[in-house]
Structure formats: structure tokens, C-alpha cells
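Trainee: Just so you know, the protein sequences line up as chains A and B, in that order. Residues 1 to 147, numbered by the working numbering, are exactly what the first sequence covers, in order. Residues 1001 to 1680, numbered by the working numbering, are exactly what the second sequence covers, in order.
Hint data in this document are derived by calculation from the structure and do not stem from the laboratory. Check the hints yourself; a few may be wrong.
Claimed, not checked - Here are the computed lysine-lysine pairs in the DSS-like style, where the Cα-Cα straight-line distance is at most 27 Å: (1) B:K1215 x B:K1245; (2) B:K1184 x A:K122; (3) B:K1517 x B:K1576; (4) B:K1162 x A:K8; (5) B:K1668 x A:K81; (6) A:K108 x B:K1519; (7) A:K108 x A:K130; (8) A:K70 x A:K122; (9) A:K108 x B:K1668.
Listed here are the chains, written in short residue letters.
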Amino acid sequence: MEDQKTIKYLQVLTLKLGDDEYGIDISKITTIIENNYSVTRVPGAPEYIQGVINLRGDIVPVMELRKKLKLAHAEDTEETKIIVVNVEDMMVGIKVDKVLEVIQLDRKSIDEISSADDEEVKGYFMGLGKYNDRVIILINAEKLVKE
Amino acid sequence: MDKNQYLNIFIEEASENLQNLNQSLLELENNPENISILDSIFRIAHTLKGMSATMGFNRMSGLTHVMEDVLQGIKDGKVKVTEEIINLLFNSFDALDGYVKSIIDTGDEGDDDNTDLINVLRNVLSSGKLSEVAGNTRKNDEQGISQSKINVDAFTQNAINKAREMDMNAYEITVHLDKGCVLKSARAFVIFKTLEMYSDIIKSEPSVTDIEDEKFEFSFTVIVISKYDRDFIEKELSKITEVEKVEVNSLEKTGEMLVKTAKADLKTTTASKHTLDTGARQADKTPSKNIRTNKTVRVDIERLDVLLNLVGELIIQKSRLEDVYKDVSKDKNQVQVYEETLKHLERIINSLHDAVMKVRMVPVEVVFNRFPRMIRDLSKELGKEIVLSMSGEDTELDRTVIDEISEPLVHILRNAADHGIEKPEKRLELGKPEQGHINMRAYQEGNNVVIEIEDDGQGINFEKLKKSAVEKGLATAEQVHNATEKQLLDLLFLPSMSTADTISDISGRGVGLDVVKTKIESLSGTIDIETEVGKGTKFIIRLPLTLAMIQALLFYIGEERYALPINNVKKIVKLKTDEIKLVQNKEVWLMDETIVPIVRLDKVLGVPRESQPENTVQTVVVVNKGDKLYGLTVDRLVGQQEIVIKNIGKYLSNIRTISGATILGDGKVALILDINYIAQ
């Protein structure tokens, strides 16, 4: 049954990478954890996978969103967090610079992304949302994890 | 008990009943006159009807009701049991199966009304046989009558009613996109935006998220409330590019549903579909679906008693330990008691562990029971006569393995039916019995469970295999010429390998056996093939009995910790640098008479190193892979430990050098190396 609200709004968790603001559909998010887990490197894993951590008994890979989106490197800070998403029974932790808040994005305000520097990276996004004065790049969690 | 618990019980019992129904239908097919089988089927349908009605699954109970009527008709002699009737019953079974699967996935039976299936069943009742109803429904479709049906639930109906009271209009709008439309979700988005200018959308099918994810073919339907009139909205929507057709239907207060004659194709074994596939029904309806064990387990009471007793003993020993600890330093005697208690504890914990593992064991029957029906369908599809016999279905496997093993088994079975067994005429020519035989056997052998699939078909043609391998560039002519039988058979497990002349839908697209091998290896199992041209082929799968814990060797490479199953470790030696020789540019060690190739693990795993350690002594772990030995270099040994194998997760499951992960005492993750790929 379609909740009337869900048709109009998309609930999004906003986060920051550098100066840019991104958003992930909250229905894909399992939990947000601190960046104080011991990460075990995995030989043969893609470059943007830092390694795996022990999250309460489950082995969860950690993806550095900066690397995946081909942005410049930045050191971890105290504000760095890991957002654990669940896509088709796959849990993946996504490391970001800063987690902001959950907002209700009016679907009507979402525009298509017309151009991007990198076609591959563009595939991870599902649009540009506008919230007050902020421009939020919406990440397609499924594509991010599956491709 | 709350609804969820009712649901779980329902799922279990419904699944069991469906399994029995499947079995009985197969028996009926071979004995159409047998009254007791008929009675049995009738009873099952009756039970299912009651169960589903109680849970409010009206579609399911409706279908079973009509099935029951047909079965009664057969019992009364009004309906004759023909092959078509049997097929019809099988189709009904598939539909019921679909409902239950939907319930398992979503808790709801889904939106498929199976109207044409029900119509055919009703027709059979009134006319006593299968008539031209199928033809009629198809004709309607060709005329392109598209009145679509959206499930108008209470919430939506309420909204519609309110709207009508306020003198607003309610419409059901179906938009058909151009077949050439590429960015369907974007186009849909534009349509939605337009609609929102003139109306409020209160329901959409498929759901908005599904539309965003392009989970629809070329049309979707929405229910809207608007001040504007029909024609206006129709016109506005039709203006949008790539919109082929727009249908706007007015909705009245309560209860107007427009019924569509969905496309039906009773010849196939799938149940009827809507043009609008709801998400839950996207599930593949062919029998090759992965069998998922339920979230609940039926456990032998005796096993639970054993567990309970062990826990009791554990508690006792723990108390003793606590008491002793207080006095341990003061009294020498107490130290001995302390140590004895510790030993007891260890023994009990081991037994407890075994007992719990036993609870996780499930008989392979759970996986095997779908196969007879699958082979029956396959035989019809392929025009061959195939008989499947199974034994050892009570052999048990760990639940995690059971879930994963069904897909590979299905594939091998299909291979046997498709490539192995010859067509009846050919078999007669060869002096074989017309019916092909496939034998599935499961049994325990030491620490393993063995599953064999043997057919009496044409066997594997090595000449064709060699030719195919060379053609596909998988090996050179010289290599295949010198290869042993085993090496040639190994070629079959390479991706893109297929010796079928025609690629049938079932198998032979060349993506099969390598996936099977990968799956089985991921379960720490092995797969072997024995074949004889003209006589048949046998696949032998070996799986470890317990999956979750192994004895492992832990060691450091650089600053990183890794684990290796002890099973594979033959020896650990410390070699002086001059004992490692170079032969044809490869490092080896001469162990007595045997040449052991050296594998530099730090290089293979890309372990970051600050500087090359200038050691005069190198620790080497000698492992065996099959009958070959390899020497793996490690830096520091930690020791031997029993570790719990944890799945490394779907995301990283394709990394071949790593077979899993474990969580060590300090909470950190250590990776378990896979001998098969480390030692090359």
C-alpha cells in the first residue's frame, strides 16, 4: 500500500564529502557507526574497499566513498562516520566525511543530473535534490553497491 | 500468539501440504484411476482452502475452492482424468505455490487473481472437459482491450469516495509508453509531474519506487483525484512525448473494479501474469528457484533434550569452578580440582557444540523433493523419457549448505537430462532401454556428505571436448593432445565451455558448470566427474559435514594476520636462504626427493612491507593441494586454533584467494586463505 507521503517525499540522510552534500535514501540504511573499528585489509578487493570490519559478529566491508566517486583523498577526522547500507542482503559500510541529518525531500524538486565529469560516477547518482538553499546529490545506493 | 507466529505456522504447514500435493499429483499422473490418490489430493486441497481462508488469503482459498470442485467432479465421474486435466492441476499447484512464495517473501499472497486459471477450472466443471476457453481469452487480448485492474483497497476507495462527495473526479489512468522509450523512469517522472499539476495521485501500480527503478514493462496505472475532466487530462498526458496511449477511466464510489482478461498461456507451466507485474511476483516461476529453508526449524525432541542436559552440566561445572577459584591459591588439592573441572568443562563444551551443530542439520530431502517434478517437466519439454530415482534423502547437511546446494544440483540434473540422456529413438537404436535413467544418491562418507548424480546417457565425448576447447581458445591443440582424462574433464568447469550443438534454453549456454564449481568450492566442497562414452556420466559432489568451525593455523605476514585450514597443512619448516633454489626462474625447495614450489605469500597477497626483511631463516608452511605440495612463506607463526568461519559477505565473495573470515579473540578480523587459489 502506497503511503501518500511516500509518493510525495523521499526521506534522505544527508552527508558531506568535502564541500559537497550528498544524500542516501534512508530506507536503504541499516545503521551509522563511528570510524573506530579495526579494518582488515582484503587482498584482491577493489581499490575503494578499505577492508572489512567486525560489526557485532558480522563481517562488513568498508567502502571509501571518496575513492568510489573518484574524488581527491582526504584524511579521516573525528567527524568521519560509516553509514551501513543494506542492498539485496549485502551489507556495506560507506565511509563519509560527515553525517548531517535526515530530511524530507519533495520528489518534485528532484532534477535529473545532466552532465558529470565522469560517466561511471554519474551512474551512481539518481538526481539532484533541492532543500531550502542546499543542493543535494542523491546517491543510488543500489547502483553504488552493485556496480 | 500474534499474527506473525500464525504466519510462520501457516507457511510451514502450507509448504508441507504443497509438497504432499506435488507428490500426489505425480502419482496421479501415473495412476489416473487410483481413487485413494484422488482422495488424498482432495483432502490436501480442502486443508489448504481452510488454512488460507482462516488467514484471510482469499485468492488462495478461492483457487483451492474451485480446485476442490473440480476434484469432486472427477470423483463423481463427471470429469475425466486426461493429460490436460493433469496439466491443469499442475498449473493450479504452481499458482498455489506462487501464493505461498509470495507469502513467505512479503507476508501477503500478492495481487495475482489467476482469473483465467479459475475460469478454465470452472469451465472444466461445467463441460466435463477442457474446452475452448483458452482460445477466447487469447482472442480478447489480440483485440487489445486494455482495461487494467488496480487493486482498489480500503484506503484508496475511501479517498475516492471522499473525492466524489466533494464533487471531484476520480480516475484510473493507464499510460502506455512507446516501446522504443529508453529512459522509462525519467519519462514516467515527467508524466507524474504533469499529473500532479492537474490532480492528486493517490495510488500507483507498480509502486512509485518500482517505477523509479524501471520495474515495469511499458505501462503503469495510477489512480488520481482531480477537478479537471477526463478528456482534458487525457489530452494533456497524450501531449507528452514517447507516450503511446493514455486510457482514462472514471471511478465511481465503492466497488467499481474493471477486470482485465490477462494474457494466458496454459501450455506453459507458469501461472497467468498481469501486464503490470507487482514486485512480489517478479520471482522466477520455473522450478529452478533456490530452495530456501524456513526461518523456523523442526527439531527432534531428543536432540533438544541432549542440549538441555549438556547445558545443565555446564552450569554445574561453572559453579564448581567459581567455588574452587576462591580457594585455589591456598590449597594444592584445590588446584587439581580446578584443573579437572576445567577439563570437564572443555569436554562438555565440545559435546554442546556438536549437539548444536546437529540441530542445524537438515535432511537433503528438502532439496531433493522438487526434482521429480522438475524432471517430469523437463522430459516433456525435451521430448525424452526420463526416470529419476533418488536414495539417501535422509542424509543430513548443515542448513547453510542446504540453501546453497540446490542450484548446483538443479543445473547438473538439467545437464544430464539435456546433454546426457539421448532421445528415445536414439536410445533404442543403441540398444538401450527407451527410458533414460538418472540416479541421485546421497550418503555420508567420513567427514563428508557425498551426493552423486549418475545418468545412463551418452557420456562425455572427449573428441568434441578437445575440439571445443581449442576452438574457444581455452587450450592449444598440443595441450589437449597431451592432456589426461582428468585434465580434459576439468576443462568443462571453465566459463564459456559447452559441447552442445544447439544451445537449448535449459543449459548449454556455457555459463553453467563453472558457476556450479564455484558454488561448491565456496562451501568447501569438491566436484568430480566420471564418464564413459556411450554408457553415461556421473557427477560426484563432496561436501564437509560441518561448515562453521575448523582447526586453523594462524600466522603473520608483515603486520597482517591470516589463517589456513589445518587440513591442508602437511609440515612447517624453517629454511635457510640457501635451501631455496631457483629452478627455471621459480623458487623451489628440495624436500628429500620431492620438489616443492615456493609461494611468496607476501607477494601473492600484496602485503605492504616497509623493507625487505633480511632474514637468514624463512618459515615455510608446506601445504597440499590435491596431491601436489606447495611451500608458503610466512613471517611469524601465531599457533593452531579452532576458529569460527564467517562468511565474508556477498560483496567480496568473488575474491578467490580468500575463502572466508574469522573473528579472533581480540575482536579483529583475520582472513582465511583458500589453498586452491593461493597455491598456483
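Trainee: With a cut-off of 27 Å on the C-alpha distance, tell me whether K108 of chain A and K1668 of chain B pass.
Mentor: With Cα atoms ~46 Å apart, K108 of chain A and K1668 of chain B exceed 27 Å; violated.
Trainee: Is K108 of chain A close enough to K130 of chain A, meaning Cα to Cα at most 27 Å?
Mentor: Roughly 9 Å separates the two Cα atoms, so the pair holds.
Trainee: Run the distance test for K1517 of chain B versus K1576 of chain B: straight-line Cα separation, threshold 27 Å.
Mentor: 39 Å, violated
Trainee: CA of K1668 of chain B to CA of K81 of chain A, is that 27 Å or under?
Mentor: Within the cut-off at roughly 19 Å; holds.
Trainee: Is K1184 of chain B close enough to K122 of chain A, meaning Cα to Cα at most 27 Å?
Mentor: Distance ~18 Å between K1184 of chain B and K122 of chain A Cα, so the pair holds.
Trainee: Please verify whether K1162 of chain B and K8 of chain A have alpha carbons no more than 27 Å apart.
Mentor: Status holds; Cα separation ~20 Å.
Trainee: Just to be careful, I want the Cα atoms of K1215 of chain B and K1245 of chain B compared with a cutoff of 27 Å; is the pair within it?
Mentor: 19 Å, holds
Trainee: Taken at face value, is the distance from the CA of K122 of chain A to the CA of K70 of chain A at most 27 Å?
Mentor: Holds. K70 of chain A to K122 of chain A sits at ~11 Å (cutoff 27 Å).
Trainee: Run the distance test for K108 of chain A versus K1519 of chain B: straight-line Cα separation, threshold 27 Å.
Mentor: Judged against 27 Å, a Cα distance of about 45 Å means the pair is violated.
Violated hints for the displayed structure, listed by number in ascending order: 3, 6 and 9.
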